[in-house]
Structures are given as structure tokens and as C-alpha cells.
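Novice: Taken in order, the sequence shown gives residues 3 to 417; the numbers are from our numbering.
If you are wondering where the hints come from, they were derived from the structure by calculation, not from laboratory data.
Label-pair distances were calculated between CB atoms; the ranges are:
#	residue 1	residue 2	range
1	G219	A80	22 to 32 Å
2	P210	V299	49 to 59 Å
3	V299	R200	55 to 65 Å
4	T223	R112	43 to 53 Å
5	D303	G219	33 to 43 Å
6	T324	S365	22 to 32 Å
7	A144	D317	14 to 24 Å
8	N132	V171	21 to 31 Å
9	V171	R90	20 to 30 Å
10	V171	G375	33 to 43 Å
11	F100	S365	50 to 60 Å
12	D310	G97	25 to 35 Å
13	T270	G62	49 to 59 Å
14	R167	N132	24 to 34 Å
For clarity, every value in this text was computed on a predicted model and none was experimentally measured. Beta carbons are placed, not taken as given, at the ideal position from N, Cα and C, and that holds for glycine.
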Amino acid sequence: MTTQRANDDSRAEPSISCPVDDSHAGVEAAGRFRIYLGAAAGVGKTYAMLDEAQICRRRGDDVVVALVETHGRPGTEAHLAGLEVVPRKIVEYRGARFEEMDLEAVLARRPQVALIDELAHTNVPGSGRNEKRWQDVRDLLAADIDVITNINVQHIESLADVVERITGVAVRERVPDAVIRSADEIELVDSSPERLRRRLMHENIFSPDRAREALRGFFTTETLTVLRELTLRFLADGMRGDPSGQHGRTRTRTRWETAERVLVGVSTAPGSDAVLRRAARFAARLEADLNVAHVLVGDADPLDVKIDALRRLADGLGADWTDLFDDDPAAALVDFAGQRQITQIVVGPGRRSRRLEMLGSGSTIRRLNRLAGDAGIDVHVIARAGSSATSPPEGKPDSARHLRGPAADGDPRAM
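Hey, can you work out the whole structure from these sequences and the hints?
Specialist: Spelled out as C-alpha cells, the structure:
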């Protein structure tokens, strides 16, 4: 379920979903997972999370603060009043002391509900069993503890390349889409760009020096507007259904009942990660299953480090990965698509195959388009970052080329 909250100082108590026991026979018990999503820092995600915790506490629920970052803000600290806070773990790393969430202490406490700030956080090495905070959340959910957390849109894996183009900033801390889509409920915490900039100017978000820098960079009106639209699109397009068919307890359709199925072909070429992310957004828009195929030609190494990174990315995006061994990549993709009842194939611009040209078959992309066309499958070619071979014509901001037929309502040019 996805709901929306407008951020204003006079808001009444929000409509929330306090923990309920919805387990039933035959289903393993697991905690409920709720995420507050925002377009940027300062929209009020932590406030919203603490507001919900206070309401649940007053209703008698056993709520603890596993970790909340106040950043020294009096308003945030005031929202913590009356809530039990689990002491943090002190960790020494490279001569410095850090505070991290004490996962083992929270598990030992076994509350009904745990509040955890900043889902995308990377734990200090040696601080616990997991590298990422979202992995800590997974362990708490598995222990039948409800979790309420928050995240900004730039930390969602499939949107990382889009955010980098918008802001010019590469986001290193990312959360797999599969984790986000496994939530029982996502609530949007919304704020207009103008209001957010006013909060920043009044030093309600960052220190004066950081605020001035942010106003000229990440927090320009134009950037905030685009990030807000990106957040709304993610919720509107992606949360209608889980494209992987594997995550989330609310999905009811089976794999073969899905009208559209997307296959993305990847390689070791630079920019393949961006192609994979765009294909994931395309699949989400179509509410389609996402499959990834890597065609190994000749003596190519299936354990290549670049492919291993793509395989991990695909897993985070909730996609099924398959290695295909064939000297004809185009034929391999189309044959595989037929076996999986694929309706849409997404690829990068590809490389010219000297072998196929000598056989008179032309480029791999041209051959793929011909074979897929005969099979009734649409093909979409997406330019990789920095690729000049498939740059869009002047005046067209997106770089996808649709080679055959309409792609239902999910043309990748809107990805």
C-alpha cells in the first residue's frame, strides 16, 4: 500500500497503520515493514516516523528506537520524548570512535516495533554481522519484529543513474529495489521545493556552511522539483506490482498471468549497469517480470568481475539472471525469449560482430531486430552513458530507440 503525507507544521495526527497480527496458517511469521520515502533530506521523514511511534506507544504497542539520528536538532529530540531508546554500540575503526545500531541488543529486547533511521546507511566495518543497515532490518523482520524506517529516493538502486544525471552527484549508499518493494506499506513524505529551501535557509536541516552550499547545488528549485517528480513516478509506476514476482506478500498474480515480460541483454561493455537499471524501471512501469540474460561467446569467462557486479545488481533489482552460451547473441536472446514468453527485449547499442558481418548477417542489433520481429517480440535499444553511436536526435532528451512496434503503455523513452 502506498499513501501520501503533506508536510506542514499544523498537520493533524496522520492516518497510519499500527502493527497488527495478519499472520495466517501456512505462512511463516515475519515482521511488518513500513517505509517513509522522501525526495530529499529535510522533508520530515524522521518526524513522521516518530509521530507514528508516539501514536502506537499511546495505544499500548511495545515500541523502541533502535536508531534515530537527531543531528542535534531540538525538534527531532523533542519527538523522542517518552520513547525507549536502545543504547548504541560504540565501535573503534582506524583510530576513531563511531556509534552504530546494536542489532544484537534489539534482537535480545524483542520489541513489537523497532524504529530505524536512514535505511541506506553503511555500517562501520566490524560493528556487527551485516555490512548494510537494510540487512539489519531484514534480520529484525525475520525475527518477527515490525520495522518502521525511512529513505530518500536517491538511494534506491534502480534510480541511482537518474539521480546522478540530475544532481551531478554519485550516490554510493544504495538499497536494492527488492528490499523497497518488499515493504508492506510505503508512505510518501512530501514537501514543496520552495518550502524545503525555506527550511534550509532557516538552518533547520544543515549547518550554515552546508546550507549555503546545498542551496547552490542539490537543493536548487529545479533539482528538487525533478527529484519530487521522480519519487512520485517511482511510487505510481513501481508499487502497482512487484516486477520480479518474488518479493512482497501482497502480490497475487502468478508469473504466467503477467501480460508483459521484459528481457534485458547485458555484456561487459561500459554502461551496461545503466541499461539494466533503465530496463528495471521499464519493467516496473509495465508491471512486468524482469529477466536478465548474459550471452557468453567463445571462451568468455562467466566469472568475469564486471559480470559478477551486474549479477549482484540484477539480484538487487529483483530480476532473474541467466547465462547463455552461444556464438550468436541475437539468436540466443530470441530463443531464450521464446522459452520464457518474453514480450519486450531491452539491449544496449552493442558492438559490431565481424563474424556475423562476414556471414552476411549484419550487426548484432540488426539481426536481433529481425529475429525478434519474426517472433513478434518488441526490441528497445538504449544508449549507454557516454555512447555517441546512438545519441538521440536534437530536441529528444531521452536515448531509447524503439525498433519494432508499440511497447504497450511502457515505452522506455519515459524511463
